[in-house]
Amino acid sequence: MQEINLKALQGEIKAIAATEGNQRTRLINVVRKVQAAYGQVSDPMIDLISEALSMPRIEVEGVVSFYHFLSKRKLGRMPVFLNSSAVAEMMGLKEVAAAFEKAAGIKFGEVTPDELLSLSWTSCIGMSDQEPAALIGGLPFVRLTPEKVFSIIEGLRSGKSPQELVEKLGVGDGNNAHPLVRSMVNNHLQLSGQVLFSSFTNGAALRKAVSLTPEQVIEEVKRSRLRGRGGAGFPTGMKWDFCRKAQGGEHYVFCNADEGEPGTFTDRVLLTEKPELVFEGMTVAGYAIDAEHGILYLRQEYQYLLAYLEDVLEKRRTAGLLGKNCAGKAGFNFDIRIQMGAGAYICGEESALINSTEGRRGDPRDRPPFPVQSGYLGNPTLVNNVETLAAAARVVENGAEWYIVFGSGQSTGTKLLSVSGDCRRPGVYELPMGLPVRMILAVVGAENPQAVQVGGPSGTFIAEKDFDRKICYDDLSTGGALIVFGADRDIMSIVYNFACFFESESCGWCVPCRVGTRLLKAKLEKINQGNGTLRDLAEMEQWGKIMKSTSRCGLGQTAANPELTTLANFRSIYQHRIKEDEYLTGFDLKTAVAEACEATGRYLQDE
Amino acid sequence: MVKAKIATTSLAGCFGCHMSILDIDERILKLAELVEFDKSPINDIKRFSGQCDVGLIEGGCCNHENVEVLRAFRKRCNILVSVGECALMGGLPALRNGIPMTECLKEAYLDGPSVVDGSIPNDPELPLILDKVYPCHEVVKIDYFLPGCPPSADLIWESLVGLLTGREADLPYELIKYD
Chain P
1 MQEINLKALQ GEIKAIAATE GNQRTRLINV VRKVQAAYGQ VSDPMIDLIS
51 EALSMPRIEV EGVVSFYHFL SKRKLGRMPV FLNSSAVAEM MGLKEVAAAF
101 EKAAGIKFGE VTPDELLSLS WTSCIGMSDQ EPAALIGGLP FVRLTPEKVF
151 SIIEGLRSGK SPQELVEKLG VGDGNNAHPL VRSMVNNHLQ LSGQVLFSSF
201 TNGAALRKAV SLTPEQVIEE VKRSRLRGRG GAGFPTGMKW DFCRKAQGGE
251 HYVFCNADEG EPGTFTDRVL LTEKPELVFE GMTVAGYAID AEHGILYLRQ
301 EYQYLLAYLE DVLEKRRTAG LLGKNCAGKA GFNFDIRIQM GAGAYICGEE
351 SALINSTEGR RGDPRDRPPF PVQSGYLGNP TLVNNVETLA AAARVVENGA
401 EWYIVFGSGQ STGTKLLSVS GDCRRPGVYE LPMGLPVRMI LAVVGAENPQ
451 AVQVGGPSGT FIAEKDFDRK ICYDDLSTGG ALIVFGADRD IMSIVYNFAC
501 FFESESCGWC VPCRVGTRLL KAKLEKINQG NGTLRDLAEM EQWGKIMKST
551 SRCGLGQTAA NPELTTLANF RSIYQHRIKE DEYLTGFDLK TAVAEACEAT
601 GRYLQDE
Chain F
1 MVKAKIATTS LAGCFGCHMS ILDIDERILK LAELVEFDKS PINDIKRFSG
51 QCDVGLIEGG CCNHENVEVL RAFRKRCNIL VSVGECALMG GLPALRNGIP
101 MTECLKEAYL DGPSVVDGSI PNDPELPLIL DKVYPCHEVV KIDYFLPGCP
151 PSADLIWESL VGLLTGREAD LPYELIKYD
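These protein sequences, in sequence, are chains P and F. In terms of the UniProt record's numbering, the numbers along the first sequence are unbroken and rise by one, the last being 607. In terms of the UniProt record's numbering, the numbers along the second sequence are unbroken and rise by one, the last being 179.
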């Protein structure tokens, strides 16, 4: 490793910290900039950052070790992050990973001697309809094949930039071809509904909102019975009301664009095609709860949209839809900034997202107090999902009566579904709430699927007998993900993939989640090796229930769902691989003494 | 009435749980009315005389002999009870589980600062140590678990009498609370 001139480094890191006003609440931005500049945030750099921001070293180190895209060890100048999602595995991940290792001449977890390339794994990057996908030099590369991998690595070695390589491979549809995006990502917007992807005039919702009182705006949202689109389904109007009425300092509106649930990519397409609608929703919410600041928390995986989104914000400022006296409403001042994430599934949890925005590890907080009471910097904070805010804008623009016509019962409006896996037309669908899974499968062209994962790994694994269940809050709730598994797929290896995902994404704060995710993974390994017994199944169910009832946040409470829902709906798959003898444990003495035999040169006498 | 037969053993444990069994004080006379001790360090009987009703296991498995003893207990005892932290979770001996076994051996017998002319112990009399310390239920089926380090005499007494007489054991919260 080349010697780093500490003195020079000190000056440079001071300068980086100064660009963020030396504020410790902007620590994520500072470490991201350091990571981008040096390909690492090393120990000496951590020292210097803590000095520049006058904060404890351990907090800086805690943050660096928390996020996927920050690394103490030096990464390549063109870091490759290949995502290991279940859908990627189904679409040829193994061959693509082997091609990366062969082309780069290194293994995953290593850096090439010339420090050009590094290979790392990461969780789902929101490209499930175009897998296998990787982030290379920060840009998404989708639909990878071994051939493409070889040509990409060759291109990087010959000095081409990732952007040049994207141009060569061809940019995607819609705004992916926008001059400020130029990405090879495709929207695959298969079906536009009448709420989110229908035509929208900039400012229409906001002008309507400011013609009403904030209370009337909230009343309209309440009457629409709009509920949180992230999956949990909390009534949006009620949340706005709580936040408006909360005592405290300034109020904040957060838009949660940290969609990390594998198989979910609805926010990506909304932000690509309808960013105005999302920002308009944030501004309307700002008016309703009397906030002056909006923050869009964008996951790092979507950084390729940043310049484009900043441009949209700038245009809205010019058009008078952001800034002082928004939409001509005297005294209503509101602006939006974008906070980048640094790679962590848990940051989609609202209190973890707030912690991250405050420059901390993305650990969830204890609740109460809820963010609407005490959120960002202790202020009342409204956190809504991207799709929720976009829908809220349309509700305010067109009225609750217009909105509730779509959907059914307590699940009003439309819902975006991101469909991936074994179907002919993967992509994004805007459908009325309340449709049965079977009908959706027909629409997306899924033939004879054996299973559907509704809501991603934290959701529900359903079999054919449940295909008449409906996508809505009262039945199958989903943040958008719908993953289809064809007849030939090995459900056990998919469940194992999900178990690995939760194990690596658990923030580690509480025991049931930190330990439970690891134990479940070990159980699956045991079963997959043919050593599973009946008792293992019983214990998985028992522990899964403990995780559900005692974990601190939604991650741990749902992390056992892949095992629990497959044990309920696909039990025979497990039964085929275990020994149905309650006295067997799967313990193998020969394996357990192998190391001792080697160390001593002795052998175990036959039992 | 035919007395129930009971067997006990200490695997990778410290005999603390056995001390706790003896801690039932004068109740041991009542116990003697209820049971007959078979293989156990308490009476120093080395071999099973026949099938037993209850086996009490202290300690986890750290070497192949532990595994063999435990398997023999499973075979000879109708009901097997893990007694204490080490049997339940591996306990103190399992502290080595985070360190590869060969590394442990090297540090202890070859590279340690106080080692002179070291060699890894290799007498045929010594059991082979396992790659890690296993809790008993990972090696054989265990029917009941008594937590504690050690479980209190009252807990052992209550559970054992409950098991032997078929009445529901009276286990107030204080008996199984450890924080």
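Wrong hints could be hidden among the right ones.
Unchecked claim - With a Cα cut of at most 27 Å, we get these calculated DSSO-like pairs of lysine-lysine:
| id | chain 1 | residue 1 | chain 2 | residue 2 |
| --- | --- | --- | --- | --- |
| 1 | F | Lys177 | P | Lys590 |
| 2 | P | Lys526 | F | Lys75 |
| 3 | P | Lys208 | P | Lys168 |
| 4 | P | Lys523 | F | Lys106 |
| 5 | F | Lys3 | P | Lys521 |
| 6 | P | Lys523 | F | Lys132 |
| 7 | P | Lys14 | P | Lys94 |
| 8 | P | Lys590 | F | Lys141 |
| 9 | F | Lys3 | P | Lys526 |
| 10 | P | Lys148 | P | Lys245 |
| 11 | F | Lys46 | P | Lys545 |
| 12 | F | Lys46 | P | Lys590 |
| 13 | P | Lys107 | P | Lys579 |
| 14 | P | Lys526 | P | Lys548 |
| 15 | F | Lys106 | P | Lys579 |
| 16 | P | Lys160 | P | Lys208 |
| 17 | F | Lys3 | P | Lys548 |
| 18 | F | Lys132 | P | Lys579 |
| 19 | F | Lys106 | P | Lys545 |
| 20 | F | Lys75 | P | Lys523 |
| 21 | P | Lys590 | P | Lys579 |
| 22 | P | Lys590 | F | Lys3 |
| 23 | P | Lys208 | P | Lys245 |
| 24 | F | Lys132 | P | Lys526 |
| 25 | P | Lys545 | P | Lys94 |
| 26 | P | Lys545 | P | Lys579 |
| 27 | F | Lys177 | P | Lys579 |
| 28 | P | Lys74 | P | Lys107 |
| 29 | P | Lys521 | P | Lys545 |
| 30 | P | Lys590 | F | Lys132 |
| 31 | F | Lys46 | F | Lys3 |
| 32 | P | Lys521 | F | Lys46 |
Claimed, not checked - Partial chain F-side listing against chain P, Cβ under 8 Å, derived:
| id | residue |
| --- | --- |
| 33 | His64 |
| 34 | Val67 |
| 35 | Val69 |
| 36 | Leu95 |
| 37 | Ile99 |
| 38 | Thr102 |
| 39 | Leu105 |
| 40 | Asn122 |
FYI, nobody ran anything at the bench for these hints, they're computed from the structure. Treat the numbers as computed from the prediction; the structure is a model and nothing was measured. Glycine included, every Cβ here is placed at the ideal spot set by N, Cα and C.
Hint check results:
no., hint, in the structure
1, Lys177(F) x Lys590(P), "38 Å, violated"
2, Lys526(P) x Lys75(F), "24 Å, holds"
3, Lys208(P) x Lys168(P), "45 Å, violated"
4, Lys523(P) x Lys106(F), "31 Å, violated"
5, Lys3(F) x Lys521(P), "45 Å, violated"
6, Lys523(P) x Lys132(F), "17 Å, holds"
7, Lys14(P) x Lys94(P), "43 Å, violated"
8, Lys590(P) x Lys141(F), "19 Å, holds"
9, Lys3(F) x Lys526(P), "41 Å, violated"
10, Lys148(P) x Lys245(P), "55 Å, violated"
11, Lys46(F) x Lys545(P), "43 Å, violated"
12, Lys46(F) x Lys590(P), "26 Å, holds"
13, Lys107(P) x Lys579(P), "36 Å, violated"
14, Lys526(P) x Lys548(P), "22 Å, holds"
15, Lys106(F) x Lys579(P), "38 Å, violated"
16, Lys160(P) x Lys208(P), "49 Å, violated"
17, Lys3(F) x Lys548(P), "45 Å, violated"
18, Lys132(F) x Lys579(P), "24 Å, holds"
19, Lys106(F) x Lys545(P), "42 Å, violated"
20, Lys75(F) x Lys523(P), "25 Å, holds"
21, Lys590(P) x Lys579(P), "19 Å, holds"
22, Lys590(P) x Lys3(F), "38 Å, violated"
23, Lys208(P) x Lys245(P), "22 Å, holds"
24, Lys132(F) x Lys526(P), "16 Å, holds"
25, Lys545(P) x Lys94(P), "33 Å, violated"
26, Lys545(P) x Lys579(P), "23 Å, holds"
27, Lys177(F) x Lys579(P), "35 Å, violated"
28, Lys74(P) x Lys107(P), "15 Å, holds"
29, Lys521(P) x Lys545(P), "15 Å, holds"
30, Lys590(P) x Lys132(F), "13 Å, holds"
31, Lys46(F) x Lys3(F), "20 Å, holds"
32, Lys521(P) x Lys46(F), "40 Å, violated"
33, His64, "5 Å, holds"
34, Val67, "6 Å, holds"
35, Val69, "13 Å, violated"
36, Leu95, "17 Å, violated"
37, Ile99, "12 Å, violated"
38, Thr102, "6 Å, holds"
39, Leu105, "6 Å, holds"
40, Asn122, "5 Å, holds"
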